Amino acid sequence: MPDTVIKRASYAEAINAALGRALRERSEVLVFGEDVALPGGVFGVTKGLQRQFGDRVFDMPISESAILGGAVGAGLFGARSVVEIMWADFSLVALDQLVNQAANVRYISRGMLASPITVRTQQGNAPGACAQHSQSLEALFAHIPGLQVCMPTTPQDAYDLLLTSIWSDDPTIVIENRTLYHGDKVDITTGGPVQPIDGAQVRRQGSDITLVTWGSTQFAALDAASVVAREGIDVEVIDMRWIRPLDHETVLASVERTGRLAIAHEAHTTGGVGAEIAARVAEHGLRLTSPIVRIGTPDVRIPAAPHLAQAVIPSAARIADAIRRACVLNASFAGGTVASHG
Amino acid sequence: MPDTVIKRASYAEAINAALGRALRERSEVLVFGEDVALPGGVFGVTKGLQRQFGDRVFDMPISESAILGGAVGAGLFGARSVVEIMWADFSLVALDQLVNQAANVRYISRGMLASPITVRTQQGNAPGACAQHSQSLEALFAHIPGLQVCMPTTPQDAYDLLLTSIWSDDPTIVIENRTLYHGDKVDITTGGPVQPIDGAQVRRQGSDITLVTWGSTQFAALDAASVVAREGIDVEVIDMRWIRPLDHETVLASVERTGRLAIAHEAHTTGGVGAEIAARVAEHGLRLTSPIVRIGTPDVRIPAAPHLAQAVIPSAARIADAIRRACVLNASFAGGTVASHG
Amino acid sequence: MSDEEQIWGHLERMRRIRSLEEKITELRATNQIVGSVHLCNGQEAIYVGACAALDLTRDAVFPTYRGHGWAVACGVPPHAILAELLGRSTGISGGRGGSAYFTAPDYGFYGENSIVGAGAPIATGAALAATFDGSGRVAVASFGDGALNQGAVHEAMNFAAVRSLPVIFIVENNGYSELTPISAMVKVDQLFRRANAYGMPGARVDGNDPVAVSAAVAQAVERARRGKGPVLLEMITQRLVGHYIGDVQHYRPEGELAAIAKVEPIVRLEQRLIGLGRTRPELDDLHTAVRNEIDDAAAAALGDQLAPTNTVLEHLYA
Amino acid sequence: MSDEEQIWGHLERMRRIRSLEEKITELRATNQIVGSVHLCNGQEAIYVGACAALDLTRDAVFPTYRGHGWAVACGVPPHAILAELLGRSTGISGGRGGSAYFTAPDYGFYGENSIVGAGAPIATGAALAATFDGSGRVAVASFGDGALNQGAVHEAMNFAAVRSLPVIFIVENNGYSELTPISAMVKVDQLFRRANAYGMPGARVDGNDPVAVSAAVAQAVERARRGKGPVLLEMITQRLVGHYIGDVQHYRPEGELAAIAKVEPIVRLEQRLIGLGRTRPELDDLHTAVRNEIDDAAAAALGDQLAPTNTVLEHLYA
Ligand SMILES: Cc1ncc(C[n+]2csc(CCOP(=O)(O)OP(=O)(O)O)c2C)c(N)n1
Ligand SMILES: Cc1ncc(C[n+]2csc(CCOP(=O)(O)OP(=O)(O)O)c2C)c(N)n1
Ligand SMILES: [Mg+2]
Ligand SMILES: [Mg+2]
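Protein chains in written order, with the working numbering: chain C, 1 to 342; chain G, 1001 to 1342; chain A, 2001 to 2318; chain S, 3001 to 3318.
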């Protein structure tokens, strides 16, 4: 059993610690991407790693196909690459290497080869960011069998889920969020055993409605839960953490108790992962007290001006409204049938 | 009013006729892609067009970013490009040009600029095709506001929907299917007014269950409907045709009558467009007689051997089974509540 | 117009760009502008020189996120740019584009692009369309040194060359891709030599001299209009500031900032004008006048209304 | 081994590839094999020559969908290939890869790839890994002439060059991308000259001569193992058949098929061996022996069980 150490770390520092540990404990780990080595990353996340681990941490040309394809190829020769795609939006110039290449390696070779790569990226809007630097694209990755996708939101998860991903022998996309990197430092446990993929986490227990969320929307969701709590609505907030595989058991168990389901995410509602969760619950045939509600970004591109972006990206207020709609407006239907709302 | 002409055409010939008409009637139309001009397309779909229209129909290097980006740029200078991406799988080497570029043009410029491009592609499995030539990727495109997506399955729709797409001032992806190109010739009406986007089409009327489908799975769906009809189950089959925008009104109206919903598509079930349809119905709070069922490809890569592919791709038999499950097993719950199955 | 008048005009436009960037720096420091902002201080001669050789009533430029200078050189009013960065309804894209993604086609400015390299195929496509309509339009794709390693740029260059399209590829070689020197990312750092691979001419140009830039671009434009196809022009320049506002530039070698400050284009152009008989007070007056103009534009933009939120869903589709 | 013995060995392996492709053509004609099949008839000298210069216990090739020849040259048993195309459980990838996407890493055959150009960064990544483990492994990325216009290939070459990675880029220049001649898709049809742009050596090789191929690859391998980085080898060749089985080749100029039949590598190699004293009957015996071998392999594969469907969901994840 490795020794665990408690240390104070921001989300960025937690990632840095996980990368450092991976480089230290597994000699086959390589870390590369644009600006990750000498400069230490545009967000400072990989700071100091090249100094410590030398050329196993290196800078790449602005060549996402070479970065992702390079990781896939290095994996075939025994390396375990942790690459950075600076913004999830940029993965679209090279998605082939994840979808047509990495995802197929193990299946087609019947396990003779593998693609033990980890793609660190970050996504979502931040004040002033343009439409090409603001998308939430987890639904694209999550549709692809053969890939794994997680979205850590706390420093502890940033550390744990990244290590789980690196240790995993299959291609995993770790979607971080730049608005979280330099947030508060909190105590995290480092050095413990690397966990298997362990699904969702209940962030707040409640009995009236299940609110499923992930990524930075979690914070808006928890705020919304606090707001409606004062109105007597007791919300259970679940952070999915892993988008593929999707831990629907935790969702179903919660919805079975609460009878209501809201899903909030920053991605566009249409075709977002919220649809998959709603579909699984609907397929399962649970008795719901009110119709499922989804809170996501409407059909729009993301405008750069912060106040315009705020008008479209899910906020605590919009989530709270949706919860009220589900819990209050439909209270009269609380007899086990599915009600229509207007 | 243009003169309409009835002519016998295969699916491929219908597409060819639509392209010819677009080139004839709109001088700003360009047609380009790999092997589309001199060779007339790898599937022969664009045969004869270069001979007829000269250099407005031309061959491109194997450069999907140049093809898609070229179309976007040409659109900014007044051209209306109809480009071919030979397989939807190949769009993944250049998805940026659709998602980060084409989809943004109108929104960011507040309508000063547009991206009136049409991307013809085809997808899905055909006997012997490998995992990199077999995917059904409509969910990826459909998640992107600013894009439009249609999937014609009949020669008439192949003609009509393509013209609608070309006439549209917004970027549209027309997903064809190579197993349909050289099927039976049927009478199609050509030359009539170009239609606006006009949503789903009921292909078979029925009262017991709504079966929503699109793409080539439609034929398996209709077969399944015939099979279960003999067992007394009356299936309404809806061909969505347009995936974005999604005509959920037609679906809701049907489900309101039938009380049951099955969704069948060739794409992977997880994160497929079936999830979005299920979610919209669940959100709408219709009273269902039995839980929604989805029939899609399970979590797997597509194996090349035809019998292996057949084991994972939705068949009439699997669809029929799902319909039976929804209609027969849950008959006892036909009292308006949502029942659990499993 | 005499040479001197022309150079004076260049200086004025370059000063306008520089002053705009300085104003933006102020407004970013006080968080009136938020988010990532990429300034072009030091690279102004490229924009001013190139635009002087273009006919912007029909030609078009397709720059990157580092596009304020191109926009000004195209004639986009600084007020409309500042308003854009401030999210005002008077912003050139109504606040939707922000610093890194605004567009102003009326001025021949066919949009910034925040995806490295993506503008190259788009500009090439515009040039393609121009070959069909007899307009003689020329498209300019401009991007950084680092962008040359992006697949889309390669595809665009080959496509442009093989079809002899009227597009000019301008590489703004400022020595860095974000925080990484280009010399570490390519083996042949004479980037213009890549042109040979595609069968088009390539040349290095002093990107700190608007006259040299203008001459090179004029020649390329003339070639393009005659149907002779694309050219790759590598403009040697430097950015005097960080990659984005807030970049502490710890990656710069000792002394580099001081060295480049001596060769930067405005300093050089002023020296040249003094050589041609202009005086320091005249130059200072010009500087002041431009600065006042930008101050006024900023004041006006700050006074404008925020872009309305009730139309935020509009213009997604026709 | 004498030169003559070596050439005899080349011929035997080239014949094995040709006979396999001919057998596959038969099986496709009768629909025992279904789907798109890309044959390499005429290009065999490249595979046989290159593999003779590699140490396949550690080196690896990364070919395309047109990969049967590479597989045989790497030593993959024809039976395992035929079984793969027939969807048998004994197929080298259990029927999952099919003609265009099977893999056989035990033989140094690191998989076909059906996305044009995608193998280049993957091979480069393998070479990258080799620089860390002291294995001295070399990766060979092979792709067609048309693939050079794909962004991923460009990115891979620059990356390989700047890090001096032990990867050899082989362009199988057969003159066509599917149905379109390469001469219409590039302006400079000496494709090896693209190497200069990246700062690596490039050379043209007679791709119809296994001895010339072998020598060029041996030199590249030696260079790569010494840490001197990548090389781009343009192998001039031709395919004697369509892009895929069923391609009617209406795009071929009159007389081309007849002309290339005269320079194709097997005909040439046989002439050479006759010059070295071998006799026609000896050559015919070899041909017959190889054909019998392939017939036996096909018969065996046809007798094998279809790949089981009950394991079709396995191996998606570890
Ligand atoms: C496809 C893509 N990859 C990465 C980035 C992140 N990025 C933004 S600017 C930049 C550096 C570009 O360098 P260069 O091309 O030299 O232009 P400069 O910024 O120096 O003007 C990078 C890597 C991006 N925007 N798009
Ligand atoms: C990214 C991508 N675009 C297009 C295709 C379709 N395609 C398959 S083979 C081929 C031609 C390739 O030509 P070349 O590189 O010369 O190789 P060859 O087939 O001649 O061996 C094309 C366009 C593909 N598989 N992948
Ligand atoms: Mg630069
Ligand atoms: Mg070829």
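In case anyone wonders, no lab produced these hints; they're calculated from the structure.
Computed from a predicted model, the values in this text were never measured in an experiment.
C-beta atoms are modelled at their ideal positions from N, C-alpha and C, and glycine is treated no differently.
Please note: incorrect hints may appear among the correct ones.
[Stated by the list, open to error] Some, not all, of what chain S presents toward chain C, calculated at C-beta under 10 angstroms:
{"no.": "1", "residue": "Gly3009"}
{"no.": "2", "residue": "Ala3120"}
{"no.": "3", "residue": "Ala3156"}
{"no.": "4", "residue": "Arg3225"}
- Which hint numbers doesn't this structure obey? 1, 4
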